[in-house]
Amino acid sequence: MSLEIENLDLQAAVELLEGGSCSSEELVHALLSRITARDSSLCAYLSVDGDASLRQARDADKARASGSTAPLLGIPLAVKDVINVSGDSCHCASKILEGYVSPYDATVIGRLRDAGAVFVGRTNMDEFAMGSSTENSAFGVTRNPCSIDHVPGGSSGGSAAAVAGGEAVAALGSDTGGSIRQPASFCGCVGLKPSYGRVSRYGLTAFASSLDQIGPMTRTVRDAAALLEVMAGHDERDSSSINMAVPGYSSCLGEDLRGMKLGLPKEYFVAGTDSEVDNAVRAAVEECSKLGAEIVEISLPHTDYAVATYYIIATAEASANLARFDGVRYGHRAEGVINPIDMYGKTRAQGFGAEVKRRIILGTYVLSSGYHDAYYLRAQKVRTLIRQDFEKVFEDCDALLTPVTPTPAYRIGEKVDDPLRMYLGDVFTVPANLAGICGLSVPCGVSSDGLPIGLQVLGPAFKEENILRVGHAYELARANSKNG
Amino acid sequence: MNYLVSIGLEVHVQLRTVSKMFCGCATGFGAPPNTHVCPVCLGYPGTLPVMNQDAIHYTVVAGLLLGSNISDYSKFDRKSYFYPDMPKNYQISQYDRPLCDGGSVDIEIDGLQKQIGITRIHLEEDVGKSTHFSGKSGVDFNRAGIPLMEIVTEPDITSADEAMSFLVALKQIMLYGEVSGCNLEEGNMRCDVNCSVRPETQSRLGTKTEIKNMNTFKGVHAALLYEIDRQVQALESGEQILQETRRWDPDAGITIQMRVKESEHDYRYFPEPDLMPVVLDSDKIEEWRAQLPELPRERRTRFVEQYGLPDYDAGILVEDKALADYYEEAAKQSANPKAISNWMMTEMLRLLSERGLELGDIAMKPESLAGLVKLTDSNTINSSTAREVFGILFAEGGDPAHIVKEKGLAQVGDSDLLDKLVKQAILDNPRSVEDYRSGKKAAAQFLVGQVMRLTKGKANPKLVQDLLRTKLDG
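Chains A and B supply the protein sequences, listed in that same order. Residue 36 in the working numbering sits at position 36 of the first sequence, with consecutive numbering throughout. Take any residue in the second sequence, note its place counting from 1, add 1000, and you have its number in the working numbering.
Isolated chain B (complex conformation) (with noise of 0.2 Å):
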């Protein structure tokens, strides 16, 4: 028998706000617990909430880059239930009037592009962090009112390789519209995952489960192929899913247990009455939209007729939003944007892949790389020596010009030198000169390296091979 597999997500992404949702204390991450705090986001009796319009832009930016349709008229509500992480007992989000309806994610899958639907995206509060010690237990409020933006797919996703597609490329989409720092190791984009399979014979889909607080992509996909074969082989066997919320163990590898349906919570929704409803004017929003961010699609078009990339060079720069901004950085400031993509698509991706480095880590920035192809273009080093000052960029940054010069790294360009260089190779070695005249060509080769390593490589090597033609041939 086989089977149909249907996946919906609901995603977290923290919003890139300078301030928290509702009250001034900072969002930054890796602060001391409880230094980040107020008595608004501690839920002090008696303290209000005041929305910070950021979070709305940036929600709405986010759905204008997903396609959704922003609510001209939106609204908050509380949502109640008791958690030690949860300052008031109720976490202000978005019940029945969200930001944003409907949109899609389109992925590639296979070669196969596919569009993922997206439900919903509404705006709410963070919680706390608690940690237990022996014996007690600590909250740190410190994440507590940070804004989240949670985005809710339709069931379309259909296997684990899909689900990793769609969070990658919302992931970009994220990155793109700058509303998410999308750090995954500070916890900016979490999700739950609902997941059923059915027989293919079977219209209607199966009972879900719901694997919550998953923190990384690969987390999702591992936990899936796991959850999709556990049902499958349930059913197979003949027994029920229950429609159950279950916890993916990432060292056992299996999803596990942690409440059935029936004692899950009655939120009590009600509108929140300390904030006012969200009007958007048309006006706004299409002032919002005008200001969208480029998406990697466009940017790869543009690429490659602004620049002259080929497309799969485009692509490659523009999968990542810091790559691709890095490059065009650099391109503006070079006559030979080619060579910039050249340099980017192997010496870079390599040793950053090598290294383990993020754009952001290295020293080396877009003036560095221009300024480098200046040099090689105007002839004032060889290919090989700008191999070598990439390296030093790469790992210490600074001005090329003044590597090359510090370093008396120049090309030497010569002539008068290089004949004498020539003479002497051609005297040091002369059986590669009759080998030469003999018709076997291969051995100028040998000549010019010969030259170069008197050099130390710096000789530019056309005009080496230029003088030992005359005298060769002469």
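Just chain A, with the same shape it has in the complex (with noise of 0.2 Å):
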């Protein structure tokens, strides 16, 4: 048979393993040469291992032939390069982890591999999940599927290329401030960020521990529920995991948004937005309106500060997490040092590139005394203010819709000088890391120039069923209106 691997989802792909039309190791072999053929232009993978995916392959035909149900069982999945999978390399695109070899299990990968899922490569991202366009990997810039010479977003823009660009039917990124939902928007497909401590962080490098958080991209919502089903749920070797029942997300699905009342923050529809998004956005609304939702603008008042207050506590925490990387223990060092001093300036100066030098260095100075006050404590306030104004809005609505970026992606090489206005690319998608809730990133159309506009669902934290429901019953809506 022939496998259109590239326009096959998780969903297709588990309906066809169960039925018996394909077996896991074909499924994986499909999939290796679809890479093979197409990521020399991507770069979307930074490894892949075909003769270890092809044995986790036809470990999990054995294990149906002896009667397994495993949920999971023989898909392939792509894990976004700050994850660990034991006996893989885990370098965060980063060259300060050359050599690295990881010698366990993230506690996702051992849920998503007791689950029957087989990992097949490692997707390229901004070294050390600092980035929003993938351009800052040590080993090479991704490419975005839908135009080849714009971004794919990031940091996860390695997944993201990969689910888009059918060389994985679905994959691992991390979100700290949008790299997840950035890259699935500027890609098109669907990213999602869980609410803080609803997926475990244990084996996910850490870029700013009170940020980040793992989460599914694939190619449809119901894909995303189905993963988040499995990689959820409370884990010991995670204090910030929280120890509460994990709904069965994808029994939550429906194909209307009646009783639903969803709001639109004011501060998110304000010029600068491109004007295709907005557009895009505003008709998705409609659409979600005509499916039965009451839609009520509302305010987020301090939407302004969010940028500010992320790119201080993010780069904060990121200059304490990655003071391990020094040369002692695990990977790059540098060669010809004469003392510890010496060891760990030039073995960091040859390891971090410059946005990962530029992040440790601000994290630094707004720590540093004198300044902690000023910067470090004042962010942290007014980390709380943006909480409470979500608190306060999600106790009338169910989720919130908004943009999730601006613009469409960018040209390759667009930003690279202007860190500053990369940063500001950020702006819709921050908050939601800030206050800890849950994102959902949903295309919703597609500009001019042929690129992907997504729509950004946020939702209360630890409601991940009422962004998945409306993500779902929009992207069923617009699939047949598109058809019909």
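Calculated from the structure, these hints are not laboratory results. No false leads were mixed into what you were given.
Keeping only pairs whose Cα atoms sit at most 27 Å apart, straight-line, the calculated DSS-like set for lysine-lysine is:
#1 A/Lys381 x B/Lys1075
#2 A/Lys463 x A/Lys266
#3 A/Lys381 x B/Lys1079
#4 B/Lys1420 x B/Lys1407
#5 B/Lys1420 x B/Lys1456
#6 B/Lys1136 x A/Lys95
#7 B/Lys1079 x A/Lys346
#8 B/Lys1338 x B/Lys1374
#9 B/Lys1471 x B/Lys1458
#10 B/Lys1456 x B/Lys1405
#11 B/Lys1129 x A/Lys346
#12 B/Lys1441 x B/Lys1462
#13 A/Lys261 x A/Lys482
#14 B/Lys1079 x A/Lys357
#15 B/Lys1407 x B/Lys1456
#16 B/Lys1423 x B/Lys1471
#17 A/Lys290 x A/Lys463
#18 B/Lys1458 x B/Lys1407
#19 B/Lys1365 x B/Lys1407
#20 B/Lys1332 x B/Lys1405
#21 A/Lys346 x B/Lys1136
Quick partial rundown of chain B residues pointing at chain A, CB under 10 Å, derived from the structure:
#22 Tyr1083
#23 Tyr1267
#24 Glu1272
#25 Asp1274
Looking from chain A toward chain B, a few residues come up when the C-beta cut is under 8 Å (computed):
#26 Tyr104
#27 Arg201
#28 Gly203
#29 Leu204
#30 Ser210
#31 Ala320
#32 Arg324
#33 Pro340
#34 Ser369
Glycine is no exception: its CB is placed at the ideal position from the N, C-alpha and C atoms.
Assembly of the complex is requested from the two constituent chains, each provided in isolation within its own frame, with the hints serving as guidance.
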């Protein structure tokens, strides 16, 4: 049979495997061929271990033959290079982790493995997840599958490009300030950032510990729900993970939005947003209204401070999190050093890229004595205000609808010399991380240049079922209107 | 000019948890390098700390024993600095919200009571240990992540002797509370010593120096004697004391400058996002308070009341928790707790100190001591035999009744046999008999000695004496 792997979503792959019309080995084989054919131009993957993936696939086929009905049995997944998979490299797209082989599985990897998933390869990203374009990778720039001279977004640009470009059925990303939602929006796939504490961070190389979450990147909202069901839940090894039952997300999905109240934050519909983006999102809002949702305008008054707050807190935490990369225990170590200080200096100067260095220096500065109160402490206070903004509107609303980004994907190299402009592109995504709430990016249009546009659905903390329901119903309606 | 001395200590006490503070690795001492390690305590990418609840419990117990306020809300912070023995290049510690605030330790100095204030007690993780070889260095991370409690005192200590008394008293309390093994050789208690002097006419404290990483009490004492003298000499000759960190060189007997204040670290503390704040409700604290062990002072009073011991004896016994525990164990199994105390105060302490042993090193069990007392009280053995049996028990352990039987040490109480031997002693020593009858009553002792000799020391001396008197006086 000929598998149209590039159009296969996770749900369809599960049905194929369960129905016996193809084996996991055939599926993985087809995927590997697709990657071979396509990835030299996309550069979505940093590494693909064909033999190991086929071995895992054959094991899955054997398990199925002996009666296993694990929910993701034999399903190939791509993993962002920031998540530890035992025996695999985990370079975080950085030279400083050259040679590092992970001795353990991240908790989410363990859960997906237990559910039968096959890990095919590691996807490209901005070094240590710092960036919005995947141009900060030490190992090459990933390209947007919808337009090869545009960025895929970042930092999970490799995962987004792999899913959107037909090189993965589904992938894992991580989101600290929009790193799942923004590339999903730029590439035209679905990306879910779970609420802080919903998915274990154990095994996710930390960028900013109080903001990081691992989440699924998929072709459909239903697929994101299916993956989240497996990934979510309490983990004793992560003290910030919440001990709260995980709903059956797939069973919360429906075709309409009757009874739901959706808020439009006025601060997210402002001048400065690209008009095509604004129009596409407003059309999506109209569609949700037709599906039965009540639409109300609301306000999140502290939105303007979110980017500044984010870049203080995230860099402060990063400056400590990245201190461990020192050449002592693993990864790169500079040659010809004369003492420990010299070793740290040279190892880190050689190992880290410019953006990572910029953020470490910024984070070190905001925590320094004499500046700590003016920057870090003040940012924490503003963070509380931003969280309270959301808590207040979620007393009334089930979810919020916003653009994911002010513009569609930009050209490779266009913003690389202007970090501040790049940071400002995160304005609609960072508030969710600061508030610890969940957010979903769903394709809602295409620009006149053929670049995807995303709709962001934000939901209250630990109410992923709300945003999945909105995203799914909208996605179905959009597909029907396109077909019809 | 007279000078006043102000000393404050920061004592790091290793908690006796089975596993490390944030992972499941063992805490045992002396394992081959890097065998008690895992991705968490090695700071591998993606790993996260999980709090060892025993470490919280032990720190709170220490705080309760020192009379601290236990914080109902406390948190952990990252303290950033680069050092090869620090896996993450930040230490998880507590900055502004420690587990315990305040408290005090009572010490006795020259017969006078004094109270040393405790500023705070916080919990933090230990680091690894660097070793330098020719041309390279190695780090052993077995110790990295072992929980340490840092006890900070007020600058209330005014001499090297007081510092010593404080450390001894603190160690005693930590041992009583069973929060630490307090084994100095294994680095269970290490301290940083802050010291300043000032002319007695000056009210504000002088500039202090800090002597880092002292791991013996004697070292603290010697370093302070030197440092106080050094500072006084400096002031006398019109020099300024620099605020600096110094190191004690035990071989040279001097402190040496390590670094001056200007180059000290900015630790860039911020709250540890990977750990939740510690919230202790008052029920939990009260539950732990109710389980607190009896401290030496209370125990001493109880020993006097319960076992009828002289206050002095009770004082000696409770000084060392192990000794007091041993005593209680033996006393509980004996009808004569006073005799148990006598044995421990004399023979046991003497043999321990002569042979340089700790109580834990000897094979003799408390029940053996109780058994020995029973044999003496029932006149099965006499006191000199008892000392001999004690010596055997001390060296080899065992059951005293069995030893007495096996070695034929039971007292000869057979009056027919003794009667015969008394007669023989009288016949053999006519001069002593004469001396006795002529009024030299001491001559009877010689005759008793003769009978004892004939029984190889096993005769019941009281019985021999009675028999002799009857024969000589009759």
